[in-house]
Amino acid sequence: MIEAIARRMSTEREALNRLDAALGDGDHGTNVAAGFSAAAADIGGLENPSASDLWLAMAKAVMNRMGGASGAIFGTFFLKGVAVLRGKDRLNKRDMEAVLEAGLQGVKARGKAEVGDKTMVDALAPAVTAFSRAGGFTEGWSSAAEAARKGAACTQDLIARHGRAKYLGERAIGHIDPGACTIAFLFEATDAWWREAQPIHKR
Amino acid sequence: MTARKHKLINEPDRIVNEMLDGFCAAYSDIVRREGDRLVARAQPKAPGKVGLVMGGGSGHEPAMLGWVGQGLLDVNIVGEVFTAPGPERILDGIRAADRGAGVLLCVSHHEGDRLNAEIALEFGEAEGIENVDMVILYDDISSAPKGRESERRGTAGLFFVWKMLGAFCEGDVTLAAAKALAEKVRDNTRSLAMSLSSCASPVTGEVMFEMAPGEMEIGMGLHGEIGQGRRKALSADETIDLMLPPILDDLPYQAGDEVLVLLNNSGGMTLMELFILYRRAAARLRQAGIGVYKSWIGPYATTLETAGFALSLCRVDGQLKTLWDAPANGAYMKQL
Numbered sequence: 000m001i002e003a004i005a006r007r008m009s010t011e012r013e014a015l016n017r018l019d020a021a022l023g024d025g026d027h028g029t030n031v032a033a034g035f036s037a038a039a040a041d042i043g044g045l046e047n048p049s050a051s052d053l054w055l056a057m058a059k060a061v062m063n064r065m066g067g068a069s070g071a072i073f074g075t076f077f078l079k080g081v082a083v084l085r086g087k088d089r090l091n092k093r094d095m096e097a098v099l100e101a102g103l104q105g106v107k108a109r110g111k112a113e114v115g116d117k118t119m120v121d122a123l124a125p126a127v128t129a130f131s132r133a134g135g136f137t138e139g140w141s142s143a144a145e146a147a148r149k150g151a152a153c154t155q156d157l158i159a160r161h162g163r164a165k166y167l168g169e170r171a172i173g174h175i176d177p178g179a180c181t182i183a184f185l186f187e188a189t190d191a192w193w194r195e196a197q198p199i200h201k202r
Numbered sequence: 000m001t002a003r004k005h006k007l008i009n010e011p012d013r014i015v016n017e018m019l020d021g022f023c024a025a026y027s028d029i030v031r032r033e034g035d036r037l038v039a040r041a042q043p044k045a046p047g048k049v050g051l052v053m054g055g056g057s058g059h060e061p062a063m064l065g066w067v068g069q070g071l072l073d074v075n076i077v078g079e080v081f082t083a084p085g086p087e088r089i090l091d092g093i094r095a096a097d098r099g100a101g102v103l104l105c106v107s108h109h110e111g112d113r114l115n116a117e118i119a120l121e122f123g124e125a126e127g128i129e130n131v132d133m134v135i136l137y138d139d140i141s142s143a144p145k146g147r148e149s150e151r152r153g154t155a156g157l158f159f160v161w162k163m164l165g166a167f168c169e170g171d172v173t174l175a176a177a178k179a180l181a182e183k184v185r186d187n188t189r190s191l192a193m194s195l196s197s198c199a200s201p202v203t204g205e206v207m208f209e210m211a212p213g214e215m216e217i218g219m220g221l222h223g224e225i226g227q228g229r230r231k232a233l234s235a236d237e238t239i240d241l242m243l244p245p246i247l248d249d250l251p252y253q254a255g256d257e258v259l260v261l262l263n264n265s266g267g268m269t270l271m272e273l274f275i276l277y278r279r280a281a282a283r284l285r286q287a288g289i290g291v292y293k294s295w296i297g298p299y300a301t302t303l304e305t306a307g308f309a310l311s312l313c314r315v316d317g318q319l320k321t322l323w324d325a326p327a328n329g330a331y332m333k334q335l
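Protein sequences, first through last, are from chains A and B. Per numbering that gives the first Met the number 0, the very first residue in the first sequence carries number 0; after that it's consecutive. Per numbering that gives the first Met the number 0, the very first residue in the second sequence carries number 0; after that it's consecutive.
It is possible that part of the hints are untrue.
Unchecked claim - Below are the BS3-like pairs computed for lysine-lysine, each with C-alpha atoms no more than 30 Å apart in a straight line: (1) B/K183 - B/K145; (2) A/K165 - B/K320; (3) B/K4 - A/K111; (4) A/K92 - A/K165; (5) B/K183 - A/K165; (6) B/K44 - A/K165.
The hints are simulated quantities; they were obtained by calculation from the structure and are not laboratory data. Here the structure is a predicted model, which means the values were calculated and not measured.
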């Protein structure tokens, strides 16, 4: 799964940099791609990792290699799932709902952001809700991806309340938040990976 | 004046490491490299003294690399361009600065720096690292109004904290006293910046924002954050006359006060321009009855090649003047 996400982030590097150029310093894509490739490499080096090992390795790689506010907040998303996953080797959908919900609450607390602040929460919150409402994993990932995509698109009309973009005031209107867009890519990549991997039924 | 898209670098993903290779090779008598992203004093200070560590994105050189040394910082943790380093590196920095009397983590107030510092301290606590505290530093009056100082961001005025806090921590002081001193310097410091050009990211090669020739913007942040809007560029004297009064009113600095003055080059100004600007600032301060104790003019906290400057004042008393005059030996801050 993480390889699929890392590949997608590398593909989207320039697109995310362009979005960030309008609101920040134009390197969000480069940092996101570096963070997720580091995570993929770190996870590849683990022997028989448990689900919580995987999530912890994700959190650390993203925080330490992405850096900046994005690294801290994306890393927190994974870090908060670690405790939920501890001791579990097979995950059912209810477990994954709890992991996503813990991640969302962690992100909101860390960044002191709510829906409507023009941050990744605008994509993450609807994605987590959509996943939880769906009947199973397949429907869950696809409706989460759809909700994240819509949430990210809506950030275009908002004024930023966090990060460097907040100094832009109304000049931020008309630009999509790159962090929200990264969340949409994350769920889209997971959805695509799941549909491909489903017959084999991986973790 | 335009941003310079073409930079003399090698691979974009190696710029920070290669920059540190060069810096540490050039100043090997003052600093040494620890791991890939830590710059520490060549000779650590004596055991039993409070350690000072500060992290930050790169692109602001010589800040803070040039302030690692005797009488200054113990360790600087260097992030990607304009990107705060992550928590693991910050913890490495804290460990490297620890001389057994506690470590003060200085944080320039930006969301990335603050969040990563908070996470680092949480991880550190879980690992049993004790006697670490952090202080949030800010000085830019354009980033939040008076009365909401703690929301302001850190810019060039942190220069004063590095010097005086560094001198303070050469003495036998406690971690709590070090933090209080950092806050005292911070609370007497105010800055305002302006800019005539943008800069281009060495990573992506793209211009950070567009700025038309003949325009200026007052209140720009250290990463080109938008200030108070564009206007037609003014003359040197007019620019100082516009920027100094809001700084003086903010603290406020009053007749009879003594101040340190920093005219910080954001990267692309000529010294000639800065001296002309300083001439007016000094005259205006004299008129206001404010004494200038010492002044510094030069590129100390840059924003790549941005053509612009920041004017920073720090009100000093007897204690701060003594700390200012104490010896310091960093690559970019010398005091005999």
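Hints versus structure:
Annotation: proposed proximity of B/K183 to B/K145 holds, straight-line Cα distance about 17 Å (limit 30 Å). This hinted pair does not check out: A/K165 and B/K320 have alpha carbons roughly 37 Å apart, beyond 30 Å. Distance restraint check for B/K4 and A/K111: the Cα-Cα separation of roughly 36 Å exceeds the 30 Å cut-off, and the hinted pair is therefore not satisfied. Between A/K92 and A/K165, the direct Cα distance comes to roughly 37 Å. Violation of the 30 Å bound is thereby established for this hinted pair.
About 28 Å separates the Cα atoms of B/K183 and A/K165, which keeps this hinted pair within 30 Å; it holds. Restraint check: the Cα-Cα separation between B/K44 and A/K165 comes to about 40 Å, which exceeds 30 Å; the hinted pair is violated.
Hints 2, 3, 4, 6, counting from the list given before, are not met by this structure.
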